[in-house]
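Chemist: Chain by chain, the residues:
Number of protein chains: 4
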Amino acid sequence: VSSVPDVAVLGASGYAGALSAQLLWRHPSFELVAVTSRSDAGRRLDELHPRYRVPLVLEELDLDRHGQVDAAIVAYPHGAASATVKALREQRVRVVDLSADFRLRDIEVYERHYGGHAAPELLDDAVYGLTELHRAEVAGADIVANPGCFPTAAVLALAPLARAGLIADVVVDAKTGVSGAGRQATEITHFVSADENVNAYGLPVHRHVAEMDQELAALGSPVAATFVPHLVPLDQGELVSCYVTPARETSAEEVRALFGEAYADEPFVELAERPPGVREVRDTNLCRLSTHADPRTGKVMAFAAIDNLWKGTASQAVQNLNLMFGRPEGEGIT
Amino acid sequence: VSSVPDVAVLGASGYAGALSAQLLWRHPSFELVAVTSRSDAGRRLDELHPRYRVPLVLEELDLDRHGQVDAAIVAYPHGAASATVKALREQRVRVVDLSADFRLRDIEVYERHYGGHAAPELLDDAVYGLTELHRAEVAGADIVANPGCFPTAAVLALAPLARAGLIADVVVDAKTGVSGAGRQATEITHFVSADENVNAYGLPVHRHVAEMDQELAALGSPVAATFVPHLVPLDQGELVSCYVTPARETSAEEVRALFGEAYADEPFVELAERPPGVREVRDTNLCRLSTHADPRTGKVMAFAAIDNLWKGTASQAVQNLNLMFGRPEGEGIT
Amino acid sequence: VSSVPDVAVLGASGYAGALSAQLLWRHPSFELVAVTSRSDAGRRLDELHPRYRVPLVLEELDLDRHGQVDAAIVAYPHGAASATVKALREQRVRVVDLSADFRLRDIEVYERHYGGHAAPELLDDAVYGLTELHRAEVAGADIVANPGCFPTAAVLALAPLARAGLIADVVVDAKTGVSGAGRQATEITHFVSADENVNAYGLPVHRHVAEMDQELAALGSPVAATFVPHLVPLDQGELVSCYVTPARETSAEEVRALFGEAYADEPFVELAERPPGVREVRDTNLCRLSTHADPRTGKVMAFAAIDNLWKGTASQAVQNLNLMFGRPEGEGIT
Amino acid sequence: VSSVPDVAVLGASGYAGALSAQLLWRHPSFELVAVTSRSDAGRRLDELHPRYRVPLVLEELDLDRHGQVDAAIVAYPHGAASATVKALREQRVRVVDLSADFRLRDIEVYERHYGGHAAPELLDDAVYGLTELHRAEVAGADIVANPGCFPTAAVLALAPLARAGLIADVVVDAKTGVSGAGRQATEITHFVSADENVNAYGLPVHRHVAEMDQELAALGSPVAATFVPHLVPLDQGELVSCYVTPARETSAEEVRALFGEAYADEPFVELAERPPGVREVRDTNLCRLSTHADPRTGKVMAFAAIDNLWKGTASQAVQNLNLMFGRPEGEGIT
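Residue numbers (my numbering), protein chains in the order written: chain V, 1 to 334; chain R, 1 to 334; chain L, 1 to 334; chain C, 1 to 334.
So that you can see chain V by itself, here it is in the shape it has in the complex (with noise of 0.2 Å):
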């Protein structure tokens, strides 16, 4: 009997996806067995993903050899992944999912962002993966909800204060790189639009703040978060600046105390006195951090930057595979 589980990556042709894929194939403790695509099968994905070293052939989803596995990581578009969820869950496959399918506890604010939703009778099983708030959960989950690479950076930014009751109001303004628009080639991925440019997408109301509201919440601070992306001619990483209303007069002493607790012990997330920029942190698991109070406001700011295809999608995945199959949290992601 092998003490390596076997793993598959479906939809690994898209970025997420695909380093998914190369960071499991690298993998020490686990062992990935089958990689999928509809758009793709037949390609070698590291034909398709040069910079990925991944020498396995796409294949077509077939759920009677790919639910053999021990865990899957799914990385589908939303609302795409509840029913293959559902089928590999039959078959008792362990799942990441790197979809927003089971990331919302109300099915209602689900369906208002998302629209119809093939599983809600398994919601109560997935765990919202932010590994650093759930980590005990995310160990003994059978479905880990992935969450967006927004949430994760503004979530980090901003639990401490919310844990603290301090949120009385929050805008949070991100700009992410090109590779969070998807691998898919628009108007609004060629390189003629993106390059010198920077503009606001989403408006008014971007989906993923539905889980920033459902975080801030559960840790104590409840609160209709404002919450515009922003498209910066790059190709990985995201910054996130949150602009936060106290709830009552603080400082900038308090905030980091309270960071410096709340984060003394998380292997990735570091706590930075200037602004992180996201070249530090590209091709990392980490989340840098820096907070800041305007004296002249009495606002509270902190800026949390991200590898969106990393912490923000596939490192936190296997960050939260590790998890769960009991292996140390940082393994074949440092």
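Hints are computed from structural coordinates only; laboratory data are not their basis.
Model, not experiment: these values are computed from the prediction.
Be aware that a few hints might be false.
[Claimed, not checked] Restraint-style ranges between C-beta atoms, simulated for each label pair:
id	chain 1	residue 1	chain 2	residue 2	range
1	L	186	C	265	33 to 43 Å
2	V	331	C	4	17 to 27 Å
3	R	31	L	186	41 to 51 Å
4	V	120	R	248	31 to 41 Å
5	V	26	C	64	38 to 48 Å
6	V	44	R	44	48 to 58 Å
7	L	267	V	201	41 to 51 Å
8	R	248	L	186	42 to 52 Å
9	R	272	V	38	33 to 43 Å
10	L	267	C	330	52 to 62 Å
11	V	283	L	26	43 to 53 Å
12	C	77	V	330	33 to 43 Å
13	V	201	C	62	48 to 58 Å
[Stated by the list, open to error] Chain L is nowhere near these chain R residues, computed Cβ spacing over 10 Å in every case:
id	residue
14	39
15	60
16	62
17	79
18	114
19	118
20	119
21	122
22	184
23	223
24	247
25	254
26	262
27	330
Where is the CB? At the ideal position from N, CA and C, for every residue including glycine.
Given the coordinates of chain V, work out where chains R, L and C should sit on it, guided by the hints.
Modeler: Using the frame of chain V, we list chains R, L and C on its own:
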């Protein structure tokens, strides 16, 4: 007697001064007679800035000679401009000053942000040159304090709301290209530092905020704005994202109507339905704006895109110069 | 009777067509009366290309109506242009064709590279529109075959050497921005593919080489050029690096003299001492050139920078149109 | 007695030195005990280069202490390294030198390109560290002269042809990211200078060509290569395009066979069918190669992509260090 005023650009080796020189060089109604630079005296401007085709040699400033011009654009660092502007005024030269030295009505606010001032007695003569707000005064002014690039975009994005007394609180999150950091070669402006990067800077309080507060108060909304600029990996361009907590309930429609009225006849302000991208205004004097309202939170949002070197600095300076000399406002910058 | 010719741009939704429309829209001596597009008919051009401020609606081509214009710029794909040019000529419309369809004198060479041709009988009427080499013929032509962007730069960089019979062999290594790959959203033009990347393409033989060979032979140096283009992560701009094995010994001085004579009176060719950068010619009709000789190897080198969308395509088309209608060559493109 | 050699990186504040330190810091078989820097002594390396997570403080060089290590990577400017390498050798430290000081066998050639040399008597002890060509000698060397980044790619792209005596003439056109220009903030490395730009530099003769000639001759093809590097707007990455006039007729098949034999067992050389992009080798020790033949001209073309900071400098230095200390060649760099 020539009807074409002689003009000089002082400090023409930086990006803003060089573009000012370029715009005046090809301007039908001004004669660019001199460009000066301390650091690069003796070099030809079109060798230093090959994109700008000004075949003049940069000279050391010589007030005897350069004080003979009818007007000057002064592109000196903050703090260094006031003494030279004073000397120019003593020779009756009309000045558009690109520095912060004459922007703030309140000398104490100025000194808190910028240090000492060589000519506080001239502050009353200076007009804040955000053209769209102060057109009539600019026309009669001897000193025009050209606004900062961030206040230009932010105040245009907020003026209709401020005038309606609608701003209870505002967060201004700005993104600027690297030319905004100046021509100085530093660790920050090095390609390898800025490429594939985004980060906030100027924390906790960037001094441009004083201009915003001054102008918003003058319009009818006294408020302490929260303002944070970010550096993004592009050359020219600036996006300002404004998040307003309104003083009373409002709607997308009311907001759109306010902006429509305010800017209906403005040749250089464009109202867009979709959030503007900075590419769309590159190398123009335009400010492109969109407004939005978030029904969940009640927030009003305004996004303004400008070219930081054009409307943010040099072409607005020429727009002002046109008014000062009775020329059509858009001459030479369209 | 209006003295201002009516013009149309056919295929105006791509980058080259859209810029042609923009240049004609603001041109003092032409009246842009129609822009057409199959794929984007019904959309406004300034909505599709916000940087270009042409407020016309794209129409389906209707030869009855559009055949009434005095001149047309045809911005169709290679192979698709010849039939439409024929139809336009039957209505006596004078044409600048941006495709390859009328560039090659030898129909066999054309067919080898591009396939079938709908109007080979018109080839004799067409003039190769590299303006600096064929100015007089362009002025009298009814069909101008606008050169490819790579041949434009390469032939300008080599013409003085070719005319002197100095080219025994030549390697042309070109670097182009992504707009050169067209507006089509593909895996290649995706920001994430092109960003932080450089690669050769079109190997082993890019079809633009046929134009180079044709023109170099006509000038006096029959040679089979080696030509390889590379994609570089920028928007607009093209650099062509030419490595010439001279037919006899020469020197940097002789070479410089040949170029000086050839281009002394050319308004759009600039000779530089240092290797030109593409930034220096961005958004201009200029070709900037430097020449060098390597004493170790005897090689002569010439570097030419153009903007692939301007001198490489659209502004050269307008330069030709100016000549065809007796206007000053640089009108509307300076 | 520890079996893990102590190593130091001298000149660790530049890009090459800092990456060398990073690779050694996480290397399982070396102990990085010191990093030095004249300009930045006293600063922590991970503060200077946040991407590299080396928590050591940069020290002034102190040969008494730093001469105790078993090996050093010296990342000094050309000309400045030889004296320090000599001092290190007197203390029996084994050295990988990243400068040009020990690369050229012929001291006259060295002095023509670089000026004076402090230790010509050590030239005979030095091995040219292009690992794939000199593996056995590197293993026994006390001084390894790490190759220049351009010669690394060019010689790998040409070696199979050179060995077959196939190179009658060669043009090497290289494109490098801005990190290749060093960490110094200059007009050239300023973001606004390099962004949206491409230009040749180092004309008429870049000194790296001497290494190419030396190695090609040693392999069997004495030739004076024509070499011109170009700066392209990216961070890390280098593409070398080689255009060979073969000494006799050959074919794509013969060329492919030569490369297949030469590199079949090389772990860090990959043969690709399509021209390689530099993205594909970013942050790796790989050299990715494609070869082509142009039937029209008889030319043979080879394209090689490397990461200039990795295989072009720092990871090749560690590859060499591994061999010198009997470690697996790819340890710590895969």
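Chemist: Which hint numbers does the structure go against, in order from smallest to largest?
Modeler: none
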